[in-house]
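*Asks:* Spelled out from the first residue to the last, the chains are:
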Amino acid sequence: MALNDLFAGVTPRGKIAFTAGLGALLLLPEAANSYWISIFTLIFWFAYVGQAWNVMMGFAGQLSLGHALYVGLGGYGAAALYLHLGLGPWIGMLVTVPICAIVGMIIGWLGFRFGVRGVHFALLTIACAEFTRVAFDHITSVGGSGGLFLPVVSGGNNLWALRGAPELYYYTMLVLALGALALCRIVTRTRLGYFWLALRENPDAAAALGIPLLRVKLLAVGLSAGMTAIGGVFYAFYYNNLFPDQIFSMGRSIEILLGPIIGGIGTVFGPILGAMLLTPIGEATNLLLEALGVALPGTKQVIYGLALVLIILLRPAGIWPWLAVKAGLVVPPGDEEAPQ
Amino acid sequence: MSSDLQGKLGLSRRQVLIGAAGLGATSLIGAPALAQSSGGPLKIGVLLPRSGILAQAGQSCARAEAIGASVLKGLGYSVEIIAADTESNTDTARARAEKLINDGAHLIVGAFDSGQTGAAAQVCEQRGIPLVVNIAAAPQLTEQGYKTLFRNFPTSIDLVKNAFPLMKDVFATAGKTPTKALFLHANDTFGMANKAAWDKLFPDAAMPFSMLEPISYDPKAQDLSVEVAKAKASGAELVIVTTRAADAILIVREMVKQRFEPQAIMSPGSPGLYDEQFYKVLGKYSDYATTILPWYDPKGSLSQQVQAEFGKLFPRDKFEGHAFNIGCTLDALLVAADAHKRAGSTAAPALLDALRATKLDTHMMIGPAITFDAKGQNVNFSSAVVQNLDQRPTVVLPKGSAEKAPVFPVPGWQARG
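From first to last, the protein sequence lines stand for chains A and B.
Under the numbering used here, the first residue of the first sequence carries the number 1, and numbering increases by one thereafter.
Under the numbering used here, the first residue of the second sequence carries the number 1, and numbering increases by one thereafter.
FYI, nobody ran anything at the bench for these hints, they're computed from the structure.
Every residue gets a Cβ at the ideal spot worked out from N, C-alpha and C, and that includes glycine.
Some chain B residues judged to face chain A by a derived CB distance under 8 Å, without partners named:
no., residue
1, Ala55
2, Gln59
3, Asp91
4, Arg94
5, Lys99
6, Gln122
7, Glu125
8, Arg127
9, Gln144
10, Tyr146
11, Met192
Based on the provided sequences and hints, a complete structural model is requested.
*Replies:* Written out as structure tokens, the structure is:
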């Protein structure tokens, strides 16, 4: 696919905005302090895993509420390979990503083969994440409930070992987020992407058209789980320690899907915009409360929750579809044949 | 900004937007923290879970800030405390640690939970800023290779290791020894870690009793009658528990109901048995439960000073309910302030050198002078035997700090007034 195809449906103004935004992000570590670098790293991480979740729900219409499972499996897998066999995180990804994709497809197969749909399928994904969490509490070779810790490595940046200064993690996560964006953009414009679209909009009609629904659904789950596992590998090497209670938690699964919901489910820019809004809203609330001298713990969460409710009430389809048209960044729906 | 106000200020919408962007950019770039120069008071960033699932413990620890401000000043230390909330979340802990350092913190104290402490430790290591851990028991924190981390709290292994000799002391003082013990524990993170440490150390501890088959349970369970019935049927004379408050209450209730009267209930370092809720719900049945854990020295002059200050600031609360969290956090603040005083500088390298040479005699928790080994671990951290007597956690051992003598075996449920 040519670069031009990646920008199909994007107006010249949209292309300029994207290039300017990307340029600013590339230069940001030159100007920003490490606090903001870590905040943007977190934004990119949520944009990335949000994009991965979006593949399954946004493109193929299959609701997962247990994506923390793949973050945890990816993180634990790569960290264990690093600790026990000395394999670096990138090699670890080669092992954990296919495993997570297969685990996702097995869960998907169990659900789809036996007609578990909608909220019941979502419950199945939660159950899988929960029992994996409990299992990891008892697997002593990866620390059990006491956690798995990676050794601290002093010295300069080492991309191969994913060890170094905040800038290293910033650029790595930025590249991963951009890669996920490009991949999703490409996939949604392929035959498979159109099958997903048909499946999402009307499964019965899609089946009537001869679309192999089970295979198409499993591909969505597999791709989504595999992508999420890469996010998990990054998480393990960024935070240096893993606890089953935290990495497999239901709260993490919810955090992953908030970005796409706020930004716009089923759009490739939605998860990015959602992540770009959510983390800064939290930080801005903190800054505001500090400026006002409010030191009441939990106030941030209340304001944050209210902001989310407001956004969802005002823009139930997410902010990106509205913003993109309003700001003239994309060709309005109906004027362009490709999905945006 | 309203259009009226824009008009009064003579600003166009574009100018307002540019101004706002400029303000944002200023915050984004952030001048290097001036406070990280070498003069002035020590700015301590206190990182704690003040909201979220660990809020109760985090807020309890945070009371040490208010008390510490006057106590540290009284001791001749010059510190300024800036607070941050981890929201009981690892991601936030990392971001908040960055923010504290950018806001000029010369040193971080925190963060109650091992996962959040680990995330903050990563940041402190990258920035070369010292981190003094108040509470976090994961042994790996001081085994990972951090050069800027100092922990004034025992590891989960040490927590259990310290319990063995003190248990023997209880039996020696009472002149009675149980022959069979049973481990009844929650199957959560802490419960499993505590049990694993017990299993690892017990064979070499030369304890006078044998261990029966352990019983684990879900701490969120609403009914523990089966587990308690099993424990009773085992014939255990000593019940060793790892609990939280809610399940500790369930266990004792069932023991009373089933008339299971072992010689004692003892815990090697878990919460639950000395929590305010435990006393409120169980009344007289909460008495005699025993916990062996790091504890404040009730006879120490600093503890008494802190207790008096606590009474002034929080008159409606019981000091004992917060003393553990306050003691650990205040001692961490003391370690930081003492290092600053000896270093005569707020520069990180000087603070790190001073922390490595710490020998702090005056502190709130029971134990010898605080010192750190090459890995940053205080290996001299002691525990105390804390028994509930008259519905109050009371130090019964070591003798130097004891308020009363230990009661063992404990009176039966019906024999309590």
